[in-house]
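Here the protein sequences line up with chains A and B, keeping their order.
If you're matching positions, the first sequence starts at 1 in full-length UniProt numbering and goes up one per residue.
If you're matching positions, the second sequence starts at 1 in full-length UniProt numbering and goes up one per residue.
Certain hints may be false.
As the list claims (entries may be wrong) - Below, computed lysine-lysine pairings styled on DSS-like, alpha-carbon distance capped at 30 Å:
id, chain 1, residue 1, chain 2, residue 2
1, B, Lys289, A, Lys142
2, A, Lys142, B, Lys174
3, A, Lys154, A, Lys142
4, A, Lys143, B, Lys174
5, A, Lys154, A, Lys190
6, A, Lys154, A, Lys135
7, A, Lys165, B, Lys289
8, A, Lys163, A, Lys210
9, A, Lys135, B, Lys289
10, A, Lys154, B, Lys289
11, B, Lys259, B, Lys50
12, A, Lys124, A, Lys219
13, A, Lys154, A, Lys143
14, B, Lys289, A, Lys124
15, A, Lys163, B, Lys289
16, A, Lys219, A, Lys263
17, B, Lys174, A, Lys124
18, A, Lys142, A, Lys190
19, A, Lys210, B, Lys289
20, B, Lys289, A, Lys168
21, A, Lys219, A, Lys142
22, B, Lys174, A, Lys190
23, A, Lys217, A, Lys135
24, B, Lys174, A, Lys135
25, B, Lys92, A, Lys124
26, A, Lys168, A, Lys190
27, B, Lys174, A, Lys168
28, A, Lys190, A, Lys163
29, A, Lys217, A, Lys190
It is worth saying that the hints were derived from the structure and are not from the lab.
Predicted model only: the values in this text are computed from it and were never measured.
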Amino acid sequence: MLINPSSPRLDDGWLERNIVDPSLKSQQPIVLETQQLHVYYGDNEAIHEGDLKFPEHQISALIGPSGSGKSTYLRSLNRMNDGIARVSGEILYRGVDVNRPEIDVYEMRRRIGMVFQRPNPFSKSIYDNITFALKRRGVTDKKELDEVVETSLKQAAIWDEVKDKLTKSALALSGGQQQRLCIARAIAVKPDILLLDEPASALDPVSTSKLEETLLKLKEDYTIIIVTHNMQQAARISDYTAFFNMGRALEYDETSQIFTSPKVQLTNDYVAGDFG
Amino acid sequence: MNSKVSNQIAIATLYVIASTIVVILAALLGYIIISGLPALSWHFLTSPAKAFTAGGGIGIQLFNSFYLLILTMIISFPIALGAGIYLNEYAKQNWLTSLVRTAIEILSSLPSVVVGLFGFLVFVVQFGFGFSILSGAFALTFFNLPLLTRSIEEALAAVPDEQREGGLALGLSKWETVLHIIVPAALPTILTGVILSAGRIFGEAAALIFTAGQSAPALNFTDWNPFNISSPLNPMRPAETLAVHIWKINSEGIMPDAKAISSGASAVLVISVLGFNLLARFVGHRLFKRLTAG
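Next comes chain A alone, as it looks inside the complex:
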């Protein structure tokens, strides 16, 4: 059970204990979970506690108003906040706490890839965008590289659009294509988890729906955690949804549950469009 049914709605004591245990109804193993996660910018605490568990091969959406800490939370998961913020607590990736100094952060980020709000292809050719990280990791076999380029572009559903111009600059692509290229680039290094930070917020509706289709296909192979401002998007593509408010994950449940009968009043208000 995600939430203790005896919990009163939004009383302070209940909030203190902080919900979120979705070992819940999912049959899938948990790939990533956070315990007692606190994020500080200087003296400001941005995240109080984010105790969430993410099941394998599912899409989990993080929703909430601006400044609710969902992006901060997401960026902490693969330690993109290193050097920017202080993160305490445990981030368990398949049982290993990766929020420790002795962890190889580069290998960890390879396994937990990330796609950002604004498409950020490198000013290189499409081909080089995909192969760059692999080459840095010592893959030199042309055949192998070619194969990775094709499979990752296909997985990101952009192969047909770019297969004839792999040597052209990635910056010449449209915004939507660039974003799917960035997804292809992220999956080229064979990650386990994909973190997406509002990946569609800079895209038009057509590109957005293409991106969503892509994500639905990708979840067969990857565990996806996506921050989104767009509640319809969360409802359309995610299996689980966490609602963030004021730096705290207030409720985490199956998406259908969150959108039809949330247990927390604030979640209800938010998904109903009453604030945020």
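Using the hints, position chain B against chain A.
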């Protein structure tokens, strides 16, 4: 006065100021080039200068200017690149880096004659390099370093942070990201900065009078062994550059055609610097296009 009228007055004033500047600049360039053009010939550009008789050229000075420029760039570019990368990518905001930045600013506002005298004391006298291309190149490095560092730092700062995050998120180290993503992305701007600073070096005189010297010994352009004294590549020989030559002719030139040579040399200098500027635009534009549209 209503806002429409005041707006028009403001626009008219700005037009007058802007066109005054353009007219002054155009007149200056026009005068230098038109008065210098008659002196220009292949002979003038390639033959050595003559001290007492007419018909001398600027061949050696022209070569010296380019050689000094290249040598200065070879010394200053790696240092400026390293400093620029450090300041923009790695430096934290603390007293040390603000000290470095302040030092760079002071260095960049130093009068070039002071840089020249400093170079004279340190390189020519103390290190015993004598009046030589090497002394000149070191002095010009001091002169060039602050501006080049600043322009590289700005070029790197113009690369969006998303690019850095993109590299890190792929599991690359910061250094890999900087070296293989950020620097290449900033390359068009960096190159533009390099070429523009080349124009400044090319026209510099004061810093060289006391370091590279005011004499241009005859060179043997068939001898490319840098250890021979008459070889053009010898970095230890004194080398009067084009800009120094112009200054010298005008202050103490006694050849009968001094005025024509001075005008011709000035025209060559101005045209070269203009060329550097046009090249900077062209190369920057071209590279940018190649990187963005391919």
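So, going through the hints one by one against the coordinates:
Using a Cα cut-off of 30 Å, the hinted pair Lys289(B) and Lys142(A) holds, with the two alpha carbons roughly 27 Å apart. With a C-alpha separation of about 26 Å, the suggested pairing of Lys142(A) with Lys174(B) holds against the 30 Å cut-off. For the proposed pair Lys154(A) and Lys142(A), the alpha carbon gap of about 18 Å is at most 30 Å, so the pair holds. In summary, the hint linking Lys143(A) to Lys174(B) is supported, as the alpha carbons are separated by about 28 Å, within the 30 Å threshold.
Proposed proximity of Lys154(A) and Lys190(A) is supported: the alpha carbons are some 14 Å apart, at most 30 Å. As the CA atoms of Lys154(A) and Lys135(A) are separated by approximately 20 Å, the hinted pair is consistent with the 30 Å bound. Restraint check: the Cα-Cα separation between Lys165(A) and Lys289(B) comes to about 16 Å, which is no more than 30 Å; the hinted pair holds. The suggested pairing of Lys163(A) with Lys210(A) holds, with an alpha-carbon distance near 18 Å, which does not exceed 30 Å.
For the given pair, Lys135(A) sits about 25 Å from Lys289(B) by alpha-carbon distance, which is consistent with the 30 Å threshold. Between Lys154(A) and Lys289(B) the alpha-carbon distance is near 28 Å, which keeps this suggested pair within the 30 Å criterion. Of the supplied pair hints, the one linking Lys259(B) and Lys50(B) holds, its CA atoms being roughly 13 Å apart against a limit of 30 Å. For the hint pairing Lys124(A) with Lys219(A), the CA-to-CA distance comes to about 28 Å; that is within 30 Å, so the pair holds.
As the CA atoms of Lys154(A) and Lys143(A) are separated by approximately 16 Å, the hinted pair is consistent with the 30 Å bound. Taking the CA atoms of Lys289(B) and Lys124(A), the gap is about 12 Å. The hint holds against a cut of 30 Å. Straight-line distance between C-alpha atoms of Lys163(A) and Lys289(B) comes to about 21 Å, which keeps the hinted pair within the 30 Å bound. Distance hint between Lys219(A) and Lys263(A) is fulfilled; the C-alpha atoms sit about 27 Å from each other, no more than 30 Å.
As the CA atoms of Lys174(B) and Lys124(A) are separated by approximately 18 Å, the hinted pair is consistent with the 30 Å bound. For the proposed pair Lys142(A) and Lys190(A), the alpha carbon gap of about 17 Å is at most 30 Å, so the pair holds. Pair hint Lys210(A) plus Lys289(B) holds up; C-alpha atoms about 29 Å apart against a cutoff of 30 Å. Taken as a hint, the Lys289(B) and Lys168(A) pair is honoured in the structure, with Cα atoms around 11 Å apart against an allowance of 30 Å.
A distance of roughly 28 Å separates the Cα atoms of Lys219(A) and Lys142(A); the hinted pair therefore holds under the 30 Å criterion. Restraint check for Lys174(B) and Lys190(A): the C-alpha separation of about 20 Å stays at or below 30 Å, so the hint holds. Of the pairs offered as hints, the one joining Lys217(A) and Lys135(A) holds, with about 27 Å between alpha carbons and a cut-off of 30 Å not exceeded. Taking the CA atoms of Lys174(B) and Lys135(A), the gap is near 16 Å; set against the 30 Å cutoff, the hint holds.
Distance hint between Lys92(B) and Lys124(A) is fulfilled; the C-alpha atoms sit about 29 Å from each other, no more than 30 Å. Our distance criterion of 30 Å between C-alpha atoms is met by Lys168(A) and Lys190(A), whose separation comes to about 24 Å. Simply put, Lys174(B) and Lys168(A) have alpha-carbon atoms about 26 Å apart, close enough for the 30 Å limit, and the pair holds. At roughly 20 Å between alpha-carbon atoms, Lys190(A) and Lys163(A) fall within 30 Å of each other, so this suggested pair holds.
Distance check on the hinted pair: Lys217(A) and Lys190(A) sit about 16 Å apart at the alpha-carbon level, within 30 Å; holds.
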